[in-house]
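Undergrad: Sequence:
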Amino acid sequence: MQITIVGTGYVGLVTGTCLAEVGNSVVCVDTDARKIEMLNRGEIPIHEPGLSELVIENTDAGKLEFSTDIAHGVGHADVIFIAVGTPPDEDGSADLSHVLDVARDIGRCMTGCKVIVTKSTVPVGTARKVSDAVESELRKRDVDLEFSVASNPEFLKEGDAVDDFMKPDRIVIGAADDRAIRSLRELYGPFNRNRDRVIVMDVASAELTKYVANALLATKISFMNDMANLAELLGADIELVRQGIGSDPRIGYHFIYPGVGYGGSCFPKDVQALFRTAKENDYDARILKAVEAVNDDQKKVVLDKIARRFGHDLNGKRFAIWGIAFKPDTDDIREAPSRVIMEGLWHMGATVSAFDPVASGEAARIYNQRPELDLVGDPGEALDDADALIVVTEWKMFRSPDFPAMKARMREPIIFDGRNIFDPQLARRHGFEYYGIGR
Numbered sequence: 009m010q011i012t013i014v015g016t017g018y019v020g021l022v023t024g025t026c027l028a029e030v031g032n033s034v035v036c037v038d039t040d041a042r043k044i045e046m047l048n049r050g051e052i053p054i055h056e057p058g059l060s061e062l063v064i065e066n067t068d069a070g071k072l073e074f075s076t077d078i079a080h081g082v083g084h085a086d087v088i089f090i091a092v093g094t095p096p097d098e099d100g101s102a103d104l105s106h107v108l109d110v111a112r113d114i115g116r117c118m119t120g121c122k123v124i125v126t127k128s129t130v131p132v133g134t135a136r137k138v139s140d141a142v143e144s145e146l147r148k149r150d151v152d153l154e155f156s157v158a159s160n161p162e163f164l165k166e167g168d169a170v171d172d173f174m175k176p177d178r179i180v181i182g183a184a185d186d187r188a189i190r191s192l193r194e195l196y197g198p199f200n201r202n203r204d205r206v207i208v209m210d211v212a213s214a215e216l217t218k219y220v221a222n223a224l225l226a227t228k229i230s231f232m233n234d235m236a237n238l239a240e241l242l243g244a245d246i247e248l249v250r251q252g253i254g255s256d257p258r259i260g261y262h263f264i265y266p267g268v269g270y271g272g273s274c275f276p277k278d279v280q281a282l283f284r285t286a287k288e289n290d291y292d293a294r295i296l297k298a299v300e301a302v303n304d305d306q307k308k309v310v311l312d313k314i315a316r317r318f319g320h321d322l323n324g325k326r327f328a329i330w331g332i333a334f335k336p337d338t339d340d341i342r343e344a345p346s347r348v349i350m351e352g353l354w355h356m357g358a359t360v361s362a363f364d365p366v367a368s369g370e371a372a373r374i375y376n377q378r379p380e381l382d383l384v385g386d387p388g389e390a391l392d393d394a395d396a397l398i399v400v401t402e403w404k405m406f407r408s409p410d411f412p413a414m415k416a417r418m419r420e421p422i423i424f425d426g427r428n429i430f431d432p433q434l435a436r437r438h439g440f441e442y443y444g445i446g447r
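In this text, residue positions in the sequence shown follow the working numbering: the first is 9, and each later residue adds one.
Do not take every clue at face value.
[Said to hold, decoys possible] Using 16 angstroms as the maximum straight-line C-alpha spacing, the simulated EDC-like pairs for lysine to aspartate or glutamate come out as follows: (1) Lys325 to Asp392; (2) Lys71 to Glu29; (3) Lys335 to Glu61; (4) Lys228 to Glu247; (5) Lys71 to Glu61; (6) Lys415 to Glu380; (7) Lys308 to Asp392; (8) Lys228 to Asp256; (9) Lys335 to Glu402.
[As the list claims (entries may be wrong)] For each label pair, taking beta carbons as the anchor points, the in silico distance ranges come out as: (10) Arg147 to Asp68: 40 to 50 angstroms; (11) Leu153 to Asp77: 14 to 24 angstroms; (12) Thr119 to Ala41: 21 to 31 angstroms; (13) Arg201 to Ala301: 18 to 28 angstroms; (14) Val366 to Ala298: 27 to 37 angstroms; (15) Gly31 to Asp312: 46 to 56 angstroms; (16) Ala244 to Ala315: 22 to 32 angstroms; (17) Ala301 to Gly385: 36 to 46 angstroms.
Hints are computed from structural coordinates only; laboratory data are not their basis.
Ideal Cβ placement from N, Cα and C applies to all residues, glycine included.
Could you build the full structure based on these sequences and the hints that come with them?
TA: Put into structure tokens, the structure is as follows:
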């Protein structure tokens, strides 16, 4: 099929690349000329395992093209995916300006029947707004062309996005007409061979499904962090509690790991947007409000522990941080707990030596060579003369530490384990003061 993806961010680039991988002819369009130039050189602007190789292979094979020309993209496609950003407005609602700009561009450029699909995470009612925007532009041109608008939310995890797309748990299609449903069923056929993963529903339900999925996962994280804080007060070990509840198949082990809170581009934004949607419909979504409040507080839990141990004046203190990305296998530091922790340490007068295997460049871009931040090339170097180590991201490379070597490099053998990746008893046997989450 002839496919155009508008937007080459995380979702758009993964979607376009994976659709090209199974044989479709894909044009990815973006207004960012610098990004398009990078992609045409085979340079990937995000860190996502396995993506770079697929982009290069499919570009070389002529199945994947990158362009700034929206008219070319619209003319190329049978199906057009809108995959541009929907950043939060000041009130927490999703900003649809980029989505509707694309819809108007499609209306201005289309010359035949199109299936238009919202891939971006958008609130209920967006498909109708997209349809109105396209129709308005067609009326200005005094032309009458058929088109369909469908919702096809993405369920991609950063760090596993290629596998998630190629082997999906479900493929949600929200559409009101057979043409859109047929087109999307055909498009997703290669991903749907051994069992039917397609779930067809009305557009509003499809738009809501993505928000509810992310909000529920965020709820599990905040609930577990709330219980971790209670466990600490009660003298219980939340890691043992986690094993006890996770063995119940009704609960499961996913998203019940206590830590320093969630971050990234999805959960914080989507919880806020869903809460705003509820408020606009005169409904007080109390659980969503609590989920966000608990998460905001949880990002400061390590800072509270540090203040209790060292006091609030940290002048002259140096802290090693392992992990800057909001989760492993990504360079995304949007809403990352590491940022709250580092900025809190700086506010109290400390300096930070931080290591992350892929996110240091993004941290350097955001903090612009801030003198209180030393970004180093390996985890051991971060420990040199540190008064304590703070584990913020649970990268696999941190899971089997050489405690004696760590102790030899540090000024004081103290660990604040924000992800509970170390065995507290083992760390203490090696002479470390150990502070975990809920332990």
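Undergrad: Now tell me if each hint is right for this structure.
TA: Evaluated hints:
1. Lys325 to Asp392: holds (12 angstroms)
2. Lys71 to Glu29: Distance of about 8 angstroms is within 16 angstroms: holds.
3. Lys335 to Glu61: violated (22 angstroms)
4. Lys228 to Glu247: Roughly 15 angstroms between the alpha carbons, so the hint for Lys228 and Glu247 holds.
5. Lys71 to Glu61: Within the cut-off at roughly 14 angstroms; holds.
6. Lys415 to Glu380: violated (23 angstroms)
7. Lys308 to Asp392: violated (24 angstroms)
8. Lys228 to Asp256: Cα-Cα ~15 angstroms, so holds.
9. Lys335 to Glu402: holds (7 angstroms)
10. Arg147 to Asp68: 40 to 50 angstroms: holds (42 angstroms)
11. Leu153 to Asp77: 14 to 24 angstroms: Holds, since Leu153 and Asp77 (Cβ atoms, about 20 angstroms apart) stay within the stated range.
12. Thr119 to Ala41: 21 to 31 angstroms: At 25 angstroms between Cβs, range holds.
13. Arg201 to Ala301: 18 to 28 angstroms: Because 44 angstroms falls outside the window, the suggested range is violated.
14. Val366 to Ala298: 27 to 37 angstroms: Check passed, 33 angstroms falls within 27 to 37 angstroms.
15. Gly31 to Asp312: 46 to 56 angstroms: Given range 46 to 56 angstroms: holds, Cβ gap about 54 angstroms.
16. Ala244 to Ala315: 22 to 32 angstroms: holds (23 angstroms)
17. Ala301 to Gly385: 36 to 46 angstroms: holds (37 angstroms)
Checked against the numbered hints listed earlier, the structure breaks hints 3, 6, 7, 13; every other hint is satisfied.
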